[in-house]
Amino acid sequence: MADTLVPMKVDVLTPDALVYSDEGVDMVIARALDGDFAVMKNHLPLAAALQVCQVRIQKGGKEKKIAVFGGFLEMKDNYVNIITPQAETAENIDIPRAEAAMARARNRLAHVTPDIDVDRAKAALQRALVRIQVSGKN
Amino acid sequence: MESTRDIKGRIRSVTNIQQITKAMKMVAAARLRKAEEKAHGAGPYAAKVEELLRYASAASPEFSSPLFQRRESGRRGFLVISGDKGLAGAYNSNVMKEAAAHADRMDPDSYRMYLCGKQARNYLKFRGYSIASYHFGFSDKPQSVHAHMMAQEMIEHFLKGEVDEIHIIYTKFYTALRQQVTMTQLLPIVPPETAGSEAQQEFMFLPDAEAVFSKLLPEYVEVQIYNAMLQSAASELGSRMAAMTAATDNATERIADLTLSYNKARQAQVTNEISEIVGGVNALQ
Numbered sequence: 001m002a003d004t005l006v007p008m009k010v011d012v013l014t015p016d017a018l019v020y021s022d023e024g025v026d027m028v029i030a031r032a033l034d035g036d037f038a039v040m041k042n043h044l045p046l047a048a049a050l051q052v053c054q055v056r057i058q059k060g061g062k063e064k065k066i067a068v069f070g071g072f073l074e075m076k077d078n079y080v081n082i083i084t085p086q087a088e089t090a091e092n093i094d095i096p097r098a099e100a101a102m103a104r105a106r107n108r109l110a111h112v113t114p115d116i117d118v119d120r121a122k123a124a125l126q127r128a129l130v131r132i133q134v135s136g137k138n
Numbered sequence: 001m002e003s004t005r006d007i008k009g010r011i012r013s014v015t016n017i018q019q020i021t022k023a024m025k026m027v028a029a030a031r032l033r034k035a036e037e038k039a040h041g042a043g044p045y046a047a048k049v050e051e052l053l054r055y056a057s058a059a060s061p062e063f064s065s066p067l068f069q070r071r072e073s074g075r076r077g078f079l080v081i082s083g084d085k086g087l088a089g090a091y092n093s094n095v096m097k098e099a100a101a102h103a104d105r106m107d108p109d110s111y112r113m114y115l116c117g118k119q120a121r122n123y124l125k126f127r128g129y130s131i132a133s134y135h136f137g138f139s140d141k142p143q144s145v146h147a148h149m150m151a152q153e154m155i156e157h158f159l160k161g162e163v164d165e166i167h168i169i170y171t172k173f174y175t176a177l178r179q180q181v182t183m184t185q186l187l188p189i190v191p192p193e194t195a196g197s198e199a200q201q202e203f204m205f206l207p208d209a210e211a212v213f214s215k216l217l218p219e220y221v222e223v224q225i226y227n228a229m230l231q232s233a234a235s236e237l238g239s240r241m242a243a244m245t246a247a248t249d250n251a252t253e254r255i256a257d258l259t260l261s262y263n264k265a266r267q268a269q270v271t272n273e274i275s276e277i278v279g280g281v282n283a284l285q
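Those sequence lines, one after another, are chains R and V.
75 is the number that our numbering gives to position 75 of the first sequence; each next residue is one higher, with no gaps.
68 is the number that our numbering gives to position 68 of the second sequence; each next residue is one higher, with no gaps.
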């Protein structure tokens with residue numbers, strides 16, 4: 001059984017970098033394919049398939065938001081690993097670009113013509129929304 | 001004996017070549033450092049994906065996916081990763097020889113070649129191997145989008161039954177001076193071995209094991225391809241650096257040899273001229 005005294009550790013890992021790493025975390029909130037969930041200390045070993053979503057990492061009353069573009073969350077022995085093809089922290093997000101992408105995707109979805117790939121536009125919209133959410137502007 | 005002028009010309013051209021090889025060596029060395037970092041950086045991610053797959057398969061051993069399916073008819077696909085550019089020593093030819101050797105052991109109809117890199121295509125096409133698909137432009141700077149694209153293509157061909165197995169042939173990077181052509185099986189996925197203690201792990205899946213698996217398996221394929229691409233990129237640059245270092249050293253040696261023969265020729269010419277003058281003076285007396 002996991003040692004209850006071990007502080008909870010979180011790593012956000014992409015193929016190219018360790019995007020974020022912290023210890024002594026209280027709670028991690030993310031969105032699995034079927035909806036939001038949270039993990040706290042001493043949670044059962046868990047593996048979740050994530051949506052394109054924001055991951056909220058709470059520590060001592062503060063919250064850190066990270067945009068995660070799919071991937072997985074694995075929790076084991078108070079060690080949370082978020083394994084994702086792509087992740088961005090608020091500092092790395094290009095807000096004007098995300099806003100432009102959002103406008104473009106909304107426009108496409110509003111005027112659907114046969115040559116528009118609706119799924120792709122929806123995915124683009126979702127990515128842009130998550131980016132804007134994480135960067136703190138609404 | 002060559003004239004001093006001819007030798008001088010040759011010294012000049014060797015010097016020019018040396019400058020080019022030296023520049024290529026420096027470029028390769030600088031980029032190698034980055035490529036090496038990237039190749040090592042992808043390691044933890046790949047290990048984590050594999051670990052997750054191991055836990056997941058230990059927790060639900062009954063799960064099966066078409067990507068695990070072994071088929072008997074034995075049509076093989078080879079994903080060959082080579083460079084776009086030459087002048088990298090034996091790097092490209094080693095990969096291509098390995099690919100050709102595997103293909104030669106099979107019926108021409110029973111294999112498919114999927115190529116990354118211009119060099120592999122030029123070599124294999126010239127020698128009459130049939131090529132199913134061909135991508136280029138990222139051999140020394142692969143990104144995850146390229147791996148994603150290749151993974152989708154491989155999975156699609158595998159699921160459609162075009163091939164029954166896919167192997168990836170790439171160059172594993174150890175150090176700048178040591179690389180090894182390696183072949184590993186990509187599809188069907190060989191489930192990673194589970195250690196005894198992990199088998200008893202209780203695991204919770206969100207939304208469920210099947211959903212996690214069906215997302216995890218393509219990711220696993222992609223990670224393997226990406227890893228192979230990064231290893232190959234580092235190998236290519238390492239190999240190029242070594243080759244260009246050798247070329248620069250050879251040029252230095254060549255210049256020394258040519259300078260020696262230049263001096264000899266010059267000396268002979270001077271001697272010749274003196275004896276002619278002395279001969280002329282003697283004739284006048």
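What the hints contain is simulated information worked out from the structure, not anything from laboratory work.
Certain hints may be false.
Stated by the list, open to error - Below, a sample of chain V positions facing chain R; criterion: calculated Cβ distance under 8 angstroms:
hint : residue
1    : Ser144
2    : Ala211
3    : Leu217
C-beta: ideal position from N, C-alpha, C; glycine also.
The hints, checked one at a time:
1. Ser144: holds, 5 angstroms
2. Ala211: holds, 5 angstroms
3. Leu217: Cβ of Leu217 (chain V) sits 11 angstroms from chain R, so the hint is violated.
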